[in-house]
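*Asks:* Here's the letter readout for the chains.
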Amino acid sequence: MRPAVNQTLKRKLAHTLDLPPVILLDQATIHLMGDAEAKIINHKGLVQYTGACIKARSTQGMIEVIGNGMEIVSFSSSEIRIAGKIRQVMLK
Amino acid sequence: MTVRLRGPGLERLLNNMVERDILLQGVQRLTGDVMIIRLKVKDFYRLRPLLWGTQINVSILDKHGAPFLFGRFRLRVFLAVGLMLSLLFVMYLSNFIWFIEVTGNQTLPIEALKATVEELGLRTGVVRSTIEPSTIEGELLKRFPILAWAQVRIKGVKVDIFLTERDGVEQQHAGPGHVYAATDGVVTEILVLRGTAQVRDGSTVRKGDLLISGEYYDARGQKQFGAAQGVVKARVWYEGIGEEALSRWDPLPTGIRHRQYAITIGSITIPIGPSYPRETHLQSEKKWHLSLGRALVPLSLGRIDYHEVEYIKALIPREEAEEKAYDLAWESLLEQGVRKEQVLKERQTVDFMADGDGIRVEVLVEVLDDIGLFLMH
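If you read the sequences in order, they're chains W and D.
With the first letter of the first sequence counted as 1, position 92 gets the number 92 in the numbering used here; the numbers rise by one all the way through.
If you want the numbering used here, it's the 1-based position in the second sequence plus 92.
Think of the hints as simulated: they come from the structure by calculation, not from any bench.
Among the clues, some could well be false.
[To be verified] Estimated spans, in silico, between C-beta atoms of each pair:
1) W:S78 to D:P100: 54 to 62 Å
2) D:P225 to W:T29: 41 to 49 Å
3) W:S76 to D:P100: 17 to 25 Å
4) W:E37 to D:L161: 54 to 62 Å
5) D:M183 to W:I66: 20 to 28 Å
6) W:S74 to D:S221: 45 to 53 Å
7) W:N42 to D:L153: 55 to 63 Å
[What the hints assert, rightly or not] Pairs of lysine-lysine, DSBU-like flavour, derived with a Cα cap of 35 Å:
8) W:K44 to D:K134
9) D:K234 to W:K85
10) D:K416 to W:K39
11) D:K132 to W:K55
[Claimed, not checked] Sample of chain D residues at the chain W side, in silico, Cβ under 8 Å:
12) L106
13) Q117
14) Q120
15) R121
16) L200
17) A204
18) E414
19) L436
20) Q440
21) V442
22) D447
For glycine and all other residues, C-beta sits at the position ideal for the given N, C-alpha and C.
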């Protein structure tokens with residue numbers, strides 16, 4: 001219950017101060033460059049990695065990238081860069 | 093370095109690694125329990141404590157990058173020294189001028205230009221910093237009055253000399269002299285700017301005849317001798333001859349090919365493999381030049397393909413041969429300085445050659461031309 005209250009308060013604060021919610025809510029950002037590259041910023045850990053599916057944890061839930069011949073180009077505590085043929089990006 | 097991880101729970105290990113600020117690159121999943129990752133050497137040592145208590149094995153697949161390269165050179169001192177020396181040598185060579193290219197000289201002989209620039213200190217092999225482009229430009233303009241503009245530009249190991257020459261009438265005459273006929277013709281118009289006309293409209297002149305004398309009387313009636321100037325237009329006839337065979341030998345490839353390689357070092361070419369005569373083989377050549385950035389290295393590798401051919405006699409239609417001979421005759425006229433737009437009349441005669449295997453076309457053209465040629469006294 002407590003994290004949910006925190007999130008609601010932060011969202012309201014962001015709205016009041018006219019700040020982007022991403023900053024205060026610690027949310028993940030996903031960038032897609034066509035269907036060949038994806039970048040997940042502010043993830044909370046890698047859950048699954050195969051050539052067809054890459055799953056990463058985030059504050060909003062599980063981010064799932066589905067495609068073919070996918071590969072993690074670089075992986076750091078803040079960012080995962082994925083290359084390959086990307087077909088679907090889901091938030092579960 | 094590239095390492096292979098084998099075992100269960102590889103994702104958890106990756107998460108642990110990035111939590112400790114280890115950057116992973118090129119993460120590849122080969123099978124369910126095998127991954128290949130690239131990481132820095134210092135991070136590899138930080139990876140070991142994370143493996144304690146797991147069933148994951150780590151093996152090094154490849155070591156690459158600057159630290160390993162320098163480490164290898166530490167063992168091969170002479171190779172490193174050799175590489176450094178050759179790099180220094182190339183850098184040293186790039187301080188010199190190796191190529192000089194002149195563009196824009198239409199009438200000015202290249203030998204005269206070469207002698208002048210060499211006298212001014214510009215020649216292949218001189219140090220680049222010793223060249224003063226503005227001095228050379230000024231001297232060129234001073235020594236060759238025909239030049240209207242000169243630019244010397246240093247581009248790496250090459251010097252480009254761009255020149256523009258003056259047009260005929262604009263040329264400055266250095267001293268007194270006369271205008272003579274540059275060719276035979278019939279004068280149609282004469283315009284004297286300075287001097288005294290020696291011919292009139294309708295006069296027939298031979299090459300070398302005096303057209304405008306540099307001697308004249310000034311406003312006070314005193315005789316003067318200066319540089320004659322003027323335009324003398326005349327009807328001039330030029331003849332161009334072109335010959336073309338009525339048959340030709342066409343090469344027909346037999347399908348047999350031979351290949352030869354050749355290494356060229358400076359002006360020396362070392363062939364690898366036998367050569368074949370040009371009479372029975374067509375050649376196609378490909379060359380690869382070695383270059384290091386701006387510096388050109390005089391080393392190249394060539395590949396020559398010899399295609400064996402047989403020659404078959406083919407007849408050329410008379411019209412085609414006549415057309416080609418006519419074009420050749422006109423090429424000859426163009427070389428004599430005739431421009432097509434100058435032509436007043438054109439006459440053409442066609443003859444078969446004595447052996448009957450060729451055709452000969454004579455083209456006689458009448459043009460209106462300025463035949464005046466100034467010569468200093």
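*Asks:* Now, for every hint given, state plainly whether the structure supports it.
*Replies:* Structure-based check of all given hints:
1. W:S78 to D:P100: 54 to 62 Å: About 26 Å separates the Cβ atoms of W:S78 and D:P100, which means 54 to 62 Å is violated.
2. D:P225 to W:T29: 41 to 49 Å: violated, 56 Å
3. W:S76 to D:P100: 17 to 25 Å: Between W:S76 and D:P100, where Cβ atoms are some 24 Å apart, the hint holds.
4. W:E37 to D:L161: 54 to 62 Å: violated, 30 Å
5. D:M183 to W:I66: 20 to 28 Å: violated, 53 Å
6. W:S74 to D:S221: 45 to 53 Å: With a Cβ separation near 46 Å, W:S74 and D:S221 satisfy 45 to 53 Å, so the hint holds.
7. W:N42 to D:L153: 55 to 63 Å: Given a distance of about 31 Å, which is not inside 55 to 63 Å, the answer is violated.
8. W:K44 to D:K134: holds, 25 Å
9. D:K234 to W:K85: Status violated; Cα separation ~69 Å.
10. D:K416 to W:K39: Between D:K416 and W:K39 the Cα gap is close to 68 Å, so the pair fails against 35 Å, i.e. violated.
11. D:K132 to W:K55: holds, 25 Å
12. L106: holds, 6 Å
13. Q117: holds, 5 Å
14. Q120: With a closest approach of 6 Å, the D:Q120 hint holds.
15. R121: holds, 6 Å
16. L200: With a closest approach of 59 Å, the D:L200 hint is violated.
17. A204: violated, 62 Å
18. E414: D:E414 check fails; min Cβ-Cβ to chain W is 63 Å, beyond 8 Å.
19. L436: violated, 68 Å
20. Q440: With Cβ-Cβ at 67 Å, over 8 Å, it is violated.
21. V442: Not OK, violated: D:V442 not within 8 Å of chain W, min 68 Å.
22. D447: violated, 71 Å
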